[in-house]
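Engineer: The chain contents come next:
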Amino acid sequence: MTNETSWISVCAVGDIVPDTGVCALVHGAQVAVFRVGGELYAIDNLDPCSGAAVLSRGLVGNLGERVVVASPIYKQHFDLRTGECVEAPEQAVRTWPVRRQGDHVQVGQADA
Amino acid sequence: MTTRLVVIGNGMVGHKLLEELAALGTPGLEITVLCEESRPAYDRVHLSEYFSGRSADELSLVTPGFFDQPGLHLRLATRAARIDRAFKRVTTADGEVIPYDKLVFATGSSPFVPPIPGNDRPGCLTYRTLDDLAALAGWGAQSKRGVVVGGGLLGLECAKAVRDMGLETHVVEFAPRLMAVQVDDGGGRILHRTIEELGLVVHTGKNTQAIVDGSGIDGANARHAMKFADGSTLETDLIVFSAGIRPRDELARQCDLGVGQRGGIMVDNFCRTRDRDVYAIGECAQWGGKVFGLVAPGYDMARVVAKHLHALLTREEARDLPEFAGADMSTKLKLMGVDVASLGDAHGATPGSRSYQFSDERRQVYKRLVVSEDGKRLLGGVLVGDATEYGTLLQMMLNGMDLPEAPESLILPASDGKSRPGLAVDALPAAAQVCSCNNVSKGQLCVAVAEGATSIGALKKATRAGTTCGGCVPLVTQIMKAEMARQGLAVNNHLCEHFAHSRQELYHLVRVERIRRFEDLLARHGQGLGCDICKPVAASILASCWNEFVLQQEHASLQDSNDYFLANIQKDGTYSVVPRMPGGEVTPDGLIAVGRIAKSYGLYTKLTGGQRVDLFGARLEQLPLIWEELIAAGFESGHAYGKSVRTVKSCVGSTWCRYGVQDSVGTAIDLENRYKGLRSPHKLKFAVSGCARECAEAQSKDVGVIATEQGWNLYVCGNGGMKPRHAELLAGDLDTATLIRYIDRFLMFYIRTADRLQRTSVWRDGLEGGMDYLRDVIVHDKLGLADELEAEMALVVDTYECEWKRAVTDPKVRARFRHFVNSEAGDDQVAFVPERGQIRPASAQEKRAFRGIPVVVETE
Chain A
1 MTNETSWISV
11 CAVGDIVPDT
21 GVCALVHGAQ
31 VAVFRVGGEL
41 YAIDNLDPCS
51 GAAVLSRGLV
61 GNLGERVVVA
71 SPIYKQHFDL
81 RTGECVEAPE
91 QAVRTWPVRR
101 QGDHVQVGQA
111 DA
Chain B
1 MTTRLVVIGN
11 GMVGHKLLEE
21 LAALGTPGLE
31 ITVLCEESRP
41 AYDRVHLSEY
51 FSGRSADELS
61 LVTPGFFDQP
71 GLHLRLATRA
81 ARIDRAFKRV
91 TTADGEVIPY
101 DKLVFATGSS
111 PFVPPIPGND
121 RPGCLTYRTL
131 DDLAALAGWG
141 AQSKRGVVVG
151 GGLLGLECAK
161 AVRDMGLETH
171 VVEFAPRLMA
181 VQVDDGGGRI
191 LHRTIEELGL
201 VVHTGKNTQA
211 IVDGSGIDGA
221 NARHAMKFAD
231 GSTLETDLIV
241 FSAGIRPRDE
251 LARQCDLGVG
261 QRGGIMVDNF
271 CRTRDRDVYA
281 IGECAQWGGK
291 VFGLVAPGYD
301 MARVVAKHLH
311 ALLTREEARD
321 LPEFAGADMS
331 TKLKLMGVDV
341 ASLGDAHGAT
351 PGSRSYQFSD
361 ERRQVYKRLV
371 VSEDGKRLLG
381 GVLVGDATEY
391 GTLLQMMLNG
401 MDLPEAPESL
411 ILPASDGKSR
421 PGLAVDALPA
431 AAQVCSCNNV
441 SKGQLCVAVA
451 EGATSIGALK
461 KATRAGTTCG
471 GCVPLVTQIM
481 KAEMARQGLA
491 VNNHLCEHFA
501 HSRQELYHLV
511 RVERIRRFED
521 LLARHGQGLG
531 CDICKPVAAS
541 ILASCWNEFV
551 LQQEHASLQD
561 SNDYFLANIQ
571 KDGTYSVVPR
581 MPGGEVTPDG
591 LIAVGRIAKS
601 YGLYTKLTGG
611 QRVDLFGARL
621 EQLPLIWEEL
631 IAAGFESGHA
641 YGKSVRTVKS
651 CVGSTWCRYG
661 VQDSVGTAID
671 LENRYKGLRS
681 PHKLKFAVSG
691 CARECAEAQS
701 KDVGVIATEQ
711 GWNLYVCGNG
721 GMKPRHAELL
731 AGDLDTATLI
741 RYIDRFLMFY
751 IRTADRLQRT
761 SVWRDGLEGG
771 MDYLRDVIVH
781 DKLGLADELE
791 AEMALVVDTY
801 ECEWKRAVTD
811 PKVRARFRHF
821 VNSEAGDDQV
831 AFVPERGQIR
841 PASAQEKRAF
851 RGIPVVVETE
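These protein sequences, in sequence, are chains A and B.
Position 8 of the first sequence, counting from 1, maps to 8 under UniProt numbering, and the rest follow consecutively.
Position 803 of the second sequence, counting from 1, maps to 803 under UniProt numbering, and the rest follow consecutively.
Careful: at least some of the hints might be erroneous.
Once the Cα atoms are required to be at most 20 Å apart in a straight line, the calculated SDA-like pairs of lysine to any residue come out as [said to hold, decoys possible]:
1. Lys571/B / Cys49/A
2. Lys805/B / Ala556/B
3. Lys75/A / Gly385/B
4. Lys847/B / Val17/A
5. Lys290/B / Asp345/B
6. Lys847/B / Gln30/A
7. Lys88/B / Gly258/B
8. Lys847/B / Gly28/A
9. Lys75/A / Ala556/B
10. Lys812/B / Cys11/A
11. Lys812/B / Val17/A
12. Lys332/B / Glu846/B
13. Lys75/A / Arg756/B
14. Lys812/B / Asp15/A
15. Lys812/B / Cys49/A
16. Lys571/B / His104/A
17. Lys812/B / Gly14/A
18. Lys812/B / Lys75/A
19. Lys75/A / Asp772/B
20. Lys812/B / Gly28/A
21. Lys847/B / Gln76/A
22. Lys812/B / Val13/A
23. Lys75/A / Ile533/B
24. Lys88/B / Met1/B
25. Lys75/A / Leu529/B
26. Lys571/B / Gln76/A
27. Lys847/B / Ala29/A
28. Lys571/B / Gln91/A
29. Lys571/B / Val13/A
30. Lys812/B / Asp19/A
31. Lys75/A / Asn568/B
32. Lys782/B / Asp772/B
33. Lys571/B / Gln30/A
34. Lys571/B / Glu87/A
35. Lys571/B / Glu846/B
No lab work stands behind these hints: they were computed from the structure.
Fair warning: this is a prediction, and the values are worked out from it, not measured in the lab.
Please work from the sequences and hints to get the whole structure.
Structural biologist: Shown next as structure tokens:
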């Protein structure tokens, strides 16, 4: 992977209600972008456990050291930093680079 | 080889024998049960509940299918008339001859009717069977005043029934005080006063000498007049004799079985009569010169006989067969809401015994302890007005445990308002019998806890402890908690890692500290970021308390996806939409509008169990559009997505139905409109039926209302679903205003005290004191909470607004209803295929086949 990540602005920071997520369309892919505390996180929107594109609509919080989102379908937790599924590690999702640029939220290419 | 067993009588004890035998699975047993009554065993302990709305079916002790078991023949309305022991046969009143190898008398007892001239006049009744109760109800309807002869335990039960029928009720007792056997003078005095304050008239020390025609006497027009030895008279329209019981031993006398002087078939420790093939159990038996008029010793006898028969028939080496060894006659009961308990030597008859007394005439509480001469052992006691300590005292007495230095501390109210240190349950021996009705020891409870019964409901199910009279439930709960702690099973009710509090505690904190935002709650009482457990709980508590719009900025992030989008998420990420149809009533125009909207958005439609229409397959971005149209057609949010009041189902009621006695639809609509939107620990379902036929199935709901001629019966804590449970009667014949007040209190009390995601039925199972306790809180306002609970409900009712109306008109909220934050496109993962003329979600396989084809929902 090159270090020249191409970034896409997906929304204003204020478009994401604090401690929730939104879904962004990034190069044809669905990306769930979360604003938790002061941080931004991005993972695939598709929930591998249910096959529904819904992870952006889950409740966020922490389990111990992990910052997680709970899938609204069957409630599995996904680690927002690593994409790992806490209950079923084989069901990991991809994480995406995300950053705040001024007032904008920008998403880069998916991590491999 | 078959053994023919004939059991005469199918009362509580006779039936217990059958259950025990069935549980032992004794092979080759052909059992014939002769039951004089027209219905099989029912719960006589709770008989008076028949007058507060419990039906004969609900009182039944027979589990469905019980008498369908092979080898078990029940003969209802069949009276045994003769026994021929030489030929081992029973002849019925119809002349049928039934041979036996073994015979068990479980004939019970009959009410003692004092030999007073005139005691057979019409309207002179007894109180023992369901038929007696039906007769009493019939006479009650044509009477203004009723007298109960007998101020003992059963007499007072019966007096309650007479009062519940709305009659002016008098109790006539021969002894100088009420419940003379169980309580002493001090206790009798408090009991007397309490009962008179309930509107009954008590006459003690009255010896009835004759009952004569009452018409014309003193210008009154009563059916009877009772003449007493002191020259006074009492006019009345009906008389119920409840002055003790007599063993039904007439058949035993006929076949010369050996009957005690004061009645009762004499039995040995195995409950055998002088004929080795004949047993007697329950109130017809006499052991050690005593007849035991309580159910627990009867059950004990049933167990003894079952084991004995089993051992005989299986020819098992049985050295440790249980024997009947007498019974402790301590009792605790609730008479018209008054706790009365009597333990052991209640009268201090033991030589050298000392006693301690406490009485509080304002609260109408009387307590007495009888202790041994050295002050170390408890011998007995009396508790009137408050019997909280009964379980503790009983165990101390039965197990001969050491009393504290100052035994009076056991009954004195603690001055700091805190409860006294209860019984150290750890000090109870494992063999201590905790539930005497079902013979469950502390050891058995501990084993069940170790095997996973860690809730009071589970423990009752596993051991049957507390399932008959319920008196031991507080102690059972204590033992369960202690055992869980001992086994290191965390009795940890912390909500999650973010809050070291239970839901109830958080609710309390939110109320008391007037906390209105999750971040304040977390900052003051929690840690971390929160999670998908505590956030929805906090959201629900905040909504129950303050009822602010759930989607306003500071609450939005707490909502589960369903609440966040005010719709029910489905497996494919689409939503279903349920407009409210209060009481299940909808106009043709309303139905047409719903149909038109469903059609224009291509939604799948299905009727729900709550009498409304569910529209499936709505995409996130369609929700506000659909709702704009529904609101324009006059609909409001149905809250199908919330842990909140869902629906109030109804039948058509007296408006249309030939049988209806009240307007069930009108009441259902009023209730639904009152409570709509109320957030609670779990969903709440209601129903209102217009008559006892119960077409709305109200008894399967959290709140069920059933019309009566006089008003409404209120049932609570029912459930359909995974663990069906019938709702129980909380109060009967209520006017509509009282009905609503009780529902207000009930709902707010549940919201205040339930666990997260705990339906009312499970919550009720965990309430110490069960339905009686709930009735005390809701109806009798024992905790003094009623006004507070009603005020809390009033706030929620007054601040109701339709969430969808608010959501579609608030631009910030409405902007959230889109799939992509940066595109107007829809979710390309959603695909539908047709089925039976509507859509359904495509399977994964079907979706793969679609790949590359744009997915469009066809609309006209």
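Engineer: Each hint: holds or not?
Structural biologist: We went through each hint and held it up to the structure:
no.	hint	result
1	Lys571/B / Cys49/A	holds (10 Å)
2	Lys805/B / Ala556/B	holds (16 Å)
3	Lys75/A / Gly385/B	violated (50 Å)
4	Lys847/B / Val17/A	violated (32 Å)
5	Lys290/B / Asp345/B	holds (16 Å)
6	Lys847/B / Gln30/A	holds (17 Å)
7	Lys88/B / Gly258/B	holds (17 Å)
8	Lys847/B / Gly28/A	holds (17 Å)
9	Lys75/A / Ala556/B	holds (18 Å)
10	Lys812/B / Cys11/A	holds (15 Å)
11	Lys812/B / Val17/A	holds (10 Å)
12	Lys332/B / Glu846/B	violated (66 Å)
13	Lys75/A / Arg756/B	holds (16 Å)
14	Lys812/B / Asp15/A	holds (9 Å)
15	Lys812/B / Cys49/A	violated (31 Å)
16	Lys571/B / His104/A	violated (32 Å)
17	Lys812/B / Gly14/A	holds (11 Å)
18	Lys812/B / Lys75/A	violated (27 Å)
19	Lys75/A / Asp772/B	violated (38 Å)
20	Lys812/B / Gly28/A	violated (26 Å)
21	Lys847/B / Gln76/A	violated (23 Å)
22	Lys812/B / Val13/A	holds (14 Å)
23	Lys75/A / Ile533/B	holds (10 Å)
24	Lys88/B / Met1/B	holds (17 Å)
25	Lys75/A / Leu529/B	holds (17 Å)
26	Lys571/B / Gln76/A	holds (14 Å)
27	Lys847/B / Ala29/A	holds (17 Å)
28	Lys571/B / Gln91/A	holds (17 Å)
29	Lys571/B / Val13/A	violated (30 Å)
30	Lys812/B / Asp19/A	holds (16 Å)
31	Lys75/A / Asn568/B	holds (15 Å)
32	Lys782/B / Asp772/B	holds (11 Å)
33	Lys571/B / Gln30/A	holds (18 Å)
34	Lys571/B / Glu87/A	holds (19 Å)
35	Lys571/B / Glu846/B	holds (15 Å)
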